[in-house]
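Participant: Protein chains in written order, with our numbering: chain A, -8 to 214; chain B, -8 to 214; chain C, -8 to 214; chain D, -8 to 214.
Errors might be hidden in some of the hints.
Note: identical chains are not told apart, hence a pair may lie in one copy or across any two.
As the list claims (entries may be wrong) - Taking lysine to aspartate or glutamate and the DMTMM-like style, the derived pairs with C-alpha atoms no more than 25 Å apart in a straight line are:
(1) LYS98 - ASP2
(2) LYS193 - ASP31
(3) LYS98 - ASP76
(4) LYS68 - GLU133
Bear in mind the hints are in silico, worked out from the structure with no lab data behind them.
Since this is a predicted model, take the numbers as computed values, not measurements.
There are 4 protein chains.
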Amino acid sequence: MTSLFSRLKADCTADWVAYTDHAFVRAMGDGTLPEAAFRDYLVQDYLFLIQFARAYALAIYKGRSLAEMREGFQGLKAILDVEMDLHVRMCAGWGLTAHDLESAAEKGATIAYTRFVLDTGNAGDLLDLYVALAPCMIGYGEIGARLAADSGPLTHEENPYAEWINEYASIAYQELTQSTIENLDTLAAGMMTEARYPRLLKLFSSATRLEAEFWQMGLDEAR
Amino acid sequence: MTSLFSRLKADCTADWVAYTDHAFVRAMGDGTLPEAAFRDYLVQDYLFLIQFARAYALAIYKGRSLAEMREGFQGLKAILDVEMDLHVRMCAGWGLTAHDLESAAEKGATIAYTRFVLDTGNAGDLLDLYVALAPCMIGYGEIGARLAADSGPLTHEENPYAEWINEYASIAYQELTQSTIENLDTLAAGMMTEARYPRLLKLFSSATRLEAEFWQMGLDEAR
Amino acid sequence: MTSLFSRLKADCTADWVAYTDHAFVRAMGDGTLPEAAFRDYLVQDYLFLIQFARAYALAIYKGRSLAEMREGFQGLKAILDVEMDLHVRMCAGWGLTAHDLESAAEKGATIAYTRFVLDTGNAGDLLDLYVALAPCMIGYGEIGARLAADSGPLTHEENPYAEWINEYASIAYQELTQSTIENLDTLAAGMMTEARYPRLLKLFSSATRLEAEFWQMGLDEAR
Amino acid sequence: MTSLFSRLKADCTADWVAYTDHAFVRAMGDGTLPEAAFRDYLVQDYLFLIQFARAYALAIYKGRSLAEMREGFQGLKAILDVEMDLHVRMCAGWGLTAHDLESAAEKGATIAYTRFVLDTGNAGDLLDLYVALAPCMIGYGEIGARLAADSGPLTHEENPYAEWINEYASIAYQELTQSTIENLDTLAAGMMTEARYPRLLKLFSSATRLEAEFWQMGLDEAR
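One chain only, chain A, in its complex shape:
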């Protein structure tokens, strides 16, 4: 059976490719990405994570059962207890201090995607919220896996972006990706109608385009 995610992705292929095979991504893959682009990305991604934690908190608030609340709680814990620290550590490796991260201003593309997700979640139901989150959660897994498969395991000497690639290609992240896909199907089993699908596709493709603009923001910075 096709997952809801596979169906959404297949129905906006051009947007999905423009995001997951973005010039920024390819340049990480072959190690040619300008450092300024990556550093800008890291800072904005830190600000992005804070908003994503808020989105998972919203998912808990919107849970209609303890099980749904706990599902959102796992996502929130992963961000606040694990990913934020990982991120700060990766940033430190690139010379970015906690102060650099906290004092940076959010750029338009960061605001656009994150607030789109949050407003979608407030206005709609849990399925709307998770569909808007999906391009990020699942797309990063897909990108990490592909870049790692293209090159084999990398060291920092071979590619300065090896740590990023290895992180998202890791078994732990791939499992998270898979469980995100399954959680969407669980929700869809109860709440999805064919009449609703076009709107979900619109949400998903909008979120996917906003992700592509997030990559582009990094490249624009390095021009």
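Since the structure of chain A is already known, use the hints to place chains B, C and D on it.
Facilitator: Below, chains B, C and D alone, put in the same frame as chain A:
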């Protein structure tokens, strides 16, 4: 075809009857309701209307199209531009001043139903919100029509509650009831699944029980 | 300096006493509370906790900094990772199964307080939300401490409600109470104005009255 | 006494000038703006207005009194009953049909500002929401007044953008601008603290920068 409303009502008959044929309602119908009970009800119903206006504002915020936003806007306009004034006028007829209304404290039963609707609306989608609103909008129409049919047209001399009964038995209100039923079906056509039905029924029956407790609050006051 | 909590409590003394010295509380203290009342309370309090977890999730969503988000996260973790289990265990001691808890219907008084908090939080800011939560968090600590002080340490043989009393009189809970009071002051330092105080007092006293009605619900059940 | 708006504007002068004296604005003023840029702007501004109606609906939901609810209701009515029609008519004059407007996709800059306002409103209180709305409501009045003052009354033959300029320079719109400034002060009188000001300034300057990016989006389209 059965409307969603008819199905919900049929599936919680006992709750529905306990609300629409509550002792408070019957006592309005035969004119024996203690005046203290009615005056208490009028004050709490005024506070209730303010929260219902907030619920319709929320419905506009949650609208996914201009058409859905305008549907909520009609409901909001009806409350803020028409019903509030009607209510204040009816209250004046019972000697309640604007100051009486504004300085009154909301009682538990008023808080319970209104905040249940508002939180349901924030946590869920537009269908959840309108299902939670339905027992009020549609139930009042059903009660008004039945009381009027039981007694025929009434004057204030025959029954001190004639104005209330005539208001909700009026063609204008009956049309509003009908359009509320149809709006639920329009939403359900796009967003309803069988898997979702048990939860909608739980929402609807909870809201119906909270409406019955709202009547009971008036009776308790007059003891 | 007076804490915001002390000021609010002093300005609605009658409501606060009606809640913290409610007949239900006194009957727990001397062990005369009918078992049926306590069992009803335990079931409703379980449903209450689920809604309180949602309120803390909302506090995270509304956090304006990582520090504020982490403050709400601690509260959420305490409920989902600790208190729910404690509660289920205490319920088991009274013969209530997980199924009893999950299949129970929320009563009006449970709905009234919890949804009042959630709607207050959605409509207002973080200070409004925490003020609405305060009577529960802080009041239970005050009740636990007073009942324990009145009787000294209790065994289950001396008082069947000893476990409840000891739990809320515990150092861990007393510290939570204290940090809740301090968190209110931290928020108030940044967001409080004298013009705002009357509305905060209204929120606080409404929430306090709804807590008293929550106790009363248990007594009514046992009649 | 300085209004809150004047203070905010004075404290982010560079952002405010970059928005209100943007190249797009100057090119409207001297009639040199490429038609493609204006048409793109008109389409996105239509989508923008829909989201602004949602923001005013949120302001009603968040109103803590009937007076505050009615304040938001006036804004909502102005958009849904008047401005949307005006806008559709202006668009028709530029050959844009209702279908063009409704089928257009929101661009990143449109999403960024509108969802920033909506999320700010959901997370914060009424003052946060109105501060985030202020650059739009008040800035357009300031721009319209200045462009009209620079050139005197214009006809369509003299400047193809005369209708736009005259609309926002009109007495009706200038009065709306003034009442928006006053409403901010009314809210601030009750809810503003000095400790809160830096965050309000951050909100205001972010919203102002997002408005500048909205103009830039039109220019980028016409390249």
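Participant: Would you mind marking each hint as holding or not holding in the structure?
Facilitator: We went through each hint and held it up to the structure:
Proximity of LYS98 and ASP2 under a CA criterion of 25 Å is satisfied inter-copy only: 20 Å between copies versus 29 Å inside one chain copy. When the C-alpha separation of LYS193 and ASP31 is checked against a cutoff of 25 Å, the pair qualifies only between copies, where the shortest distance is 20 Å, while the shortest distance within a copy is 29 Å. Taking the shortest Cα distances, LYS98 and ASP76 sit within 25 Å of each other inside one copy (22 Å), while across copies they are farther apart (33 Å). Taking identical chains as interchangeable, the C-alpha atoms of LYS68 and GLU133 lie at most 25 Å apart only when both belong to the same chain, with a minimum of 22 Å there against 31 Å between chains.
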